[in-house]
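Make a model of the complete structure from these sequences and hints.
Residue numbers (the numbering used here): 5 to 70.
It is worth saying that the hints were derived from the structure and are not from the lab. Ideal placement from N, C-alpha and C gives every residue a C-beta, glycine not left out. All clues stand as given, with none of them false.
Computed Cβ-Cβ distance ranges for the label pairs, DEER-style:
1) ALA13 <-> THR33: 14 to 20 Å
2) ARG14 <-> GLY41: 37 to 43 Å
3) ARG39 <-> PRO19: 36 to 42 Å
4) PRO9 <-> ALA48: 21 to 27 Å
5) SER42 <-> GLY20: 39 to 45 Å
6) SER64 <-> GLY20: 30 to 36 Å
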Amino acid sequence: MTYLPDSVARRFQRPGLTVRPVHGLSGSTALLAWRNGSRDRAVAAFSQAAFHAAEAGARSRGKMRP
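Structure below.
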């Protein structure tokens with residue numbers, strides 16, 4: 005048994021897998037970490053894409069941080 009975000013549960017439906025909504029849970033926070041001083045372009049591109057995706061998701065839910 006595991007708890008999944010709604011978006012993940014919808015995307016990964018499989019035969020033999022049962023998904024049930026659970027109400028009353030608080031939201032979750034995802035973090036991204038990388039080595040201090042990294043100059044890896046792939047890491048920079050991924051972190052920038054993740055930031056923009058999170059920002060867009062927050063805007064769509066009306067929860068944009070200041």
